[in-house]
Amino acid sequence: MTVKTIAVTVNNVERHVTVKADTTLLDVMRDELGLTGVRAGCRRGGCGSCSVMIDGALSFSCLTPAMRADGRTVETIEGVAASPSDLHPIQRAFIKHGSSQCGFCSSGMVMSAKALLDRTPKPTRDDVVEAISGNTCRCTGYASIVDAILEAADELSA
Amino acid sequence: MLAYETPGDVADALKLMGGAGAVVIAGGTTNFGDIAEEPHKYSVVVDITKLGLRKIARDGGVISIGAAATMADLLGDPDLATLHGAARAVGGPALRNAATVGGNIIYGGDLVAALLALGADVVVSRADGASTGPLSAFYDGDAAQPHLVTEVRIDTNKKGKFGFYKLARRRDNARSVVAAGVAQDTSGRVQIGLVGVAPRPVVVEGPAGLMDAPQSAAELRGALDAALAQWEPPTDSHATAAYRRRMAPVAVARAVAG
Amino acid sequence: MAKHFGRGMAAISYPTGMNLGGDPTGALVYATSSGEFKVTLSSVDLGQGLRTVARQIAAETLGVPLETVNIQTGDTDTGPHCHGSFASRGTHRMGNAVIAAAKEARDVMLSIAADMLEVDAEDLETDGEGRIHVAGAPDKSVSVTDVCLNGHFGIGKTISGRGMYLKEFNTPDPETGAMDPDDGHAHACCVAEIEVDDETGIVDVKKFYSTYEVGRAINPALVDQQIIGGAWMGMSYALFETTSPYNPTPDHAPADFTEYLMPHAAEVPEMENIVIERPNPTGPYGVKGVGEMVSNAQSPAIANAIYDAIGVRITSLPITPEKILDALDAKA
Amino acid sequence: MYRKKHVEFPENTPQSFHAVGEPVTRVGIEGNVTGGLKLTEDYAFNGLTHLTMVRSPHHHAKIVSMDLSGAEATPGFIRALTAKDVPNNIITPMQLIGIGPKDERIIAQDVVRYKGEGLAAIIAETPEAAAEAASKVKVEYEELPAVFDVEEALKDDAPIITLHGKNYFPYEDHHCRRIRFGDVEQGFAEADVIVEQRYDTGPVEHVPMEVTGTICEPTADGRFNVYTNTQGLFFILALSSYVCDIPPHKLRFLGGVTGGGFGGKVDGVTEYLAILGAHLTGRPVKYFYSRQEEMQISSTRAGWRFYIKDGVKNDGRIVARKLVGYANCGAYNRLVNYGVTKGAAHVPGPYTIPNVYADMHCVYTNRQPASAMRGFGVTMMDFAIESQMDIIAEKIGVDPWRLRLINAYKDGDMKAHRKEAEGTALIEVIQETAAAIGYDLPEDLKALKSYA
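Protein chains in written order, with numbering that gives the first Met the number 0: chain A, 0 to 157; chain B, 0 to 257; chain C, 0 to 331; chain D, 0 to 451.
Please note that the accuracy of each hint is not assured.
Simulated crosslink set (EDC-like; lysine to aspartate or glutamate; CA at most 16 Å straight-line) [unchecked claim]:
1) D:LYS308 to D:GLU151
2) D:LYS418 to C:ASP179
3) C:LYS322 to D:ASP199
No wet-lab data here; the hints were simulated from the structure.
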């Protein structure tokens with residue numbers, strides 16, 4: 000088949016989108032659903048800025064065929080906070096530690112952090128370093144990102 | 000317009016793969032970015048993740064790993080602890096959730112260094128049927144004919160010692176300079192799997208009993224240089240061929256040292 | 000195989016701004032009827048935090064609460080000219096323009112307040128919390144909001160100000176190179192502690208100690224972020240990055256994040272940073288530009304530390320493991 | 000967080016602030032961490048079209064012929080832009096302030112000068128159609144000899160690669176930016192030791208996480224909304240007006256919040272063709288680099304080469320420096336001539352040297368063009384200068400800390416570019432760093448100050 004209408008639950012809402020064989024999940028999120036917090040940094044799985052959760056597993060949306068998202072559940076950065084005034088502890092920690100400068104990598108960093116803390120509530124510093132190893136940041140030098148994730152872990156596991 | 004097919008069995012997959020402009024994707028980590036950017040280069044995407052190849056099965060000490068099992072699947076299986084170091088050496092967490100064993104074998108990734116050392120067998124399906132043989136021989140085979148790696152098997156009855164080391168320019172999520180797997184079976188025979196020392200993964204025999212009597216890189220160098228003399232390592236933005244050649248015994252010595 | 004510890008230092012200075020043929024930046028400030036102040040710019044926030052320091056400088060000069068100041072930038076239909084965010088000029092040029100504009104707006108605000116309080120404007124002070132009062136008589140006061148309301152609905156007067164900062168054009172003398180390109184210098188001294196693996200040639204940076212002299216830190220958190228992010232980038236120049244791995248031949252040019260090498264979180268060393276301030280007479284509240292200099296001292300400090308560790312001097316960047324092994328071979 | 004330390008300077012008068020000096024939260028960071036941050040590529044447009052370049056596979060070649068028919072026949076193709084469509088197809092960014100010569104083609108005309116230079120812009124309904132159409136453009140080239148090394152490029156027999164006929168940027172009547180201060184030969188004659196060393200640095204990519212790009216939307220009233228992530232909105236607006244021959248009042252640039260730049264978004268490149276495309280098609284046009292283009296096509300930091308010769312007294316005083324520097328600006332000079340001038344003002348580094356002689360060259364080669372990058376003209380010199388300091392220290396047997404402190408510039412010293420130093424604090428940052436690592440400087444060095 001060359002086109003298909005997929006049903007995908009995105010941030011708890013079922014959406015129906017017609018996609019082509021070469022459509023990436025990234026482009027569905029950005030162009031079809033307006034979720035532009037999912038960022039296109041390299042389209043080759045090299046920067047992690049497009050990271051989303053698919054059925055709870057951290058994934059590069061740029062390398063995921065949209066066809067494959069049919070019937071799946073996707074969580075994006077836009078779905079992480081309960082509301083604009085009730086941010087996730089990871090997001091609050093990023094703000095407190097100044098872990099975001101230009102902001103481009105932050106979506107993917109937060110998703111990678113969430114993927115880690117969903118499974119490993121009490122990570123070591125090295126666990127955190129490894130968990131964000133698929134995400135590139137050009138501004139911060141990483142240290143404040145690692146600090147923020149560790150602090151969020153403390154809060155979440157308290 | 001590019002088609003997307005998700006065959007349900009291996010025979011259908013092979014048929015689709017035989018068509019002009021067919022491109023296979025499993026995890027998609029290596030090629031889906033290219034496909035999405037230039038779809039006109041292809042006619043059909045053959046998605047092989049619905050062939051039932053994601054199982055990890057055990058049979059009398061032989062573990063069969065389906066080609067569509069991901070690096071994350073390996074890391075989630077305590078029986079495959081031997082492979083965990085190599086599986087963790089592949090990319091970052093998101094990549095490991097997608098990247099498959101089959102893809103790693105096809106593209107000659109770091110996992111292969113471990114699999115070769117362990118004497119893994121690989122099951123390959125072609126139009127004329129499936130065959131099982133040593134993974135090392137797979138790289139000598141005919142890549143032009145449509146074929147599908149469906150399974151890789153490790154015989155854990157040949158219990159022994161194993162080490163893995165990936166030497167790279169940075170610790171995490173980096174292309175390897177050289178990756179080395181070293182396995183010694185109960186008889187003391189040592190096999191060394193290497194990625195980065197040749198245009199393809201290679202396996203060489205190591206000094207008997209090496210895991211019990213570790214040698215330094217300097218001590219290993221002469222024999223390894225001789226064993227690898229026929230190969231020209233790749234040069235890329237991370238390392239020259241000369242550096243890779245020089246690092247081969249270093250990676251082996253460190254795999255042994257653990 | 001052995002790992003060799005080494006320590007090296009470097010000391011640097013860096014110019015604030017570089018005169019790009021006359022180097023203007025403008026700012027406009029105006030109050031809304033509800034007492035909010037808008038600062039309109041066309042300067043670019045690249046992640047360095049330009050909007051944040053613009054807000055702080057405007058709030059400081061106007062004497063109003065930070066949260067009542069909003070920065071609008073990035074629209075050439077509304078914002079006045081800015082040459083751009085580069086050459087460590089952003090905070091310096093924009094900040095001076097904002098001060099000028101905010102002063103003018105503040106003068107209007109205080110003149111309206113003076114009429115309302117029936118005092119002289121020169122006798123008025125702002126408390127930074129939203130009120131204007133007579134110096135020495137805090138009870139005799141009016142809120143900024145009421146002043147703005149009165150400006151709009153009572154007397155019909157715009158509370159606004161214009162600011163422009165210009166570094167005048169200066170041409171280098173072609174014979175001697177005499178020129179006036181900058182607005183002061185910031186300073187830094189960095190010590191790098193490293194380990195060299197003599198078998199792989201891989202350098203592991205263990206710790207940076209740095210002291211920066213930054214004029215004045217308008218926002219210490221943002222300065223800290225520049226210092227830490229910049230140190231990572233400086234380490235990256237030293238040991239990893241290039242688009243031409245076999246310079247000057249152009250082969251093997253990296254195409255993506257897999258091929259273009261940069262360190263990651265695992266390579267980030269411990270850091271101990273000190274900041275001192277020598278306010279810059281030309282800078283807004285004493286600012287010197289720090290956004291660029293934070294990546295400069297690391298590469299020579301690391302090269303000097305490598306020499307300290309293993310006695311080889313690498314004179315080309317990046318200092319790859321292969322260069323180190325080749326130099327060790329040549330020395331042996 | 001860093002440790003703030005009070006060090007006495009004449010300008011340190013007590014002042015109280017309510018907003019300045021506070022570590023207030025970054026404006027916009029809530030959007031950064033929730034996905035709300037809007038960057039150029041995040042705006043949606045009806046009828047958006049996509050621009051892709053046909054690029055040269057050769058470092059230096061004559062364009063013998065170009066056949067667009069295959070592209071034109073591709074479904075989704077809208078139109079191509081070639082050199083003849085660019086009203087003013089030769090520029091240099093510094094022309095805005097009267098600095099030339101103009102040397103850069105926006106779209107290659109007759110000759111390509113670096114691998115990846117664009118020969119035609121393909122505008123199509125989708126990015127995929129643009130890619131397919133671009134792949135069907137047939138170009139016949141005649142390869143020309145290429146040169147990549149700065150000193151090779153300046154040899155008499157080097158292939159000339161510029162339109163203005165010289166492989167160097169002309170500084171007034173000179174082939175380099177000159178510094179002439181004191182008498183360097185006299186200085187060398189007075190020196191006890193001469194230290195000479197060559198340094199090389201490779202080109203570096205900015206790697207902004209957000210790739211460089213522009214979307215231009217024509218408006219019903221005949222203007223153009225130019226959404227772009229440039230670091231200098233008015234700077235590029237003015238250049239775009241010239242290149243596209245559209246009056247500046249018809250251009251509205253929108254940006255101001257950018258996903259990293261580091262100097263890589265100072266040259267206009269994507270703006271010109273997005274505007275021109277929108278002008279000629281009447282449709283919104285998006286021209287964003289791919290990551291591969293950002294790496295291999297967009298400007299880099301220049302690679303540099305330096306030859307430093309220093310004359311030093313046995314007590315450590317540097318009495319003369321001769322520095323010959325070469326910056327590799329690639330096929331076109333974007334702003335490197337300016338970085339070279341900035342470097343010329345930095346030849347002594349943060350030290351006072353009484354005799355300084357420098358020839359700083361901006362050299363064209365068949366590389367991807369270089370431009371500004373964080374620390375422009377200075378970062379790579381600091382590597383050379385501060386490596387040199389340690390070499391000198393070892394050669395004359397003086398402690399590297401002492402060497403730097405006794406040569407450190409102070410208020411009132413004359414820099415080699417004849418600007419009097421003020422607001423200096425090199426001595427103090429060195430003293431504080433020594434204290435931080437527990438290195439107890441001798442009393443005479445502790446007593447030094449930058450000011451009288």
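Here is what the structure says about each hint:
{"no.": "1", "hint": "D:LYS308 to D:GLU151", "verdict": "violated (21 Å)"}
{"no.": "2", "hint": "D:LYS418 to C:ASP179", "verdict": "holds (6 Å)"}
{"no.": "3", "hint": "C:LYS322 to D:ASP199", "verdict": "holds (13 Å)"}
Of the numbered hints given earlier, the model fails hint 1 alone.
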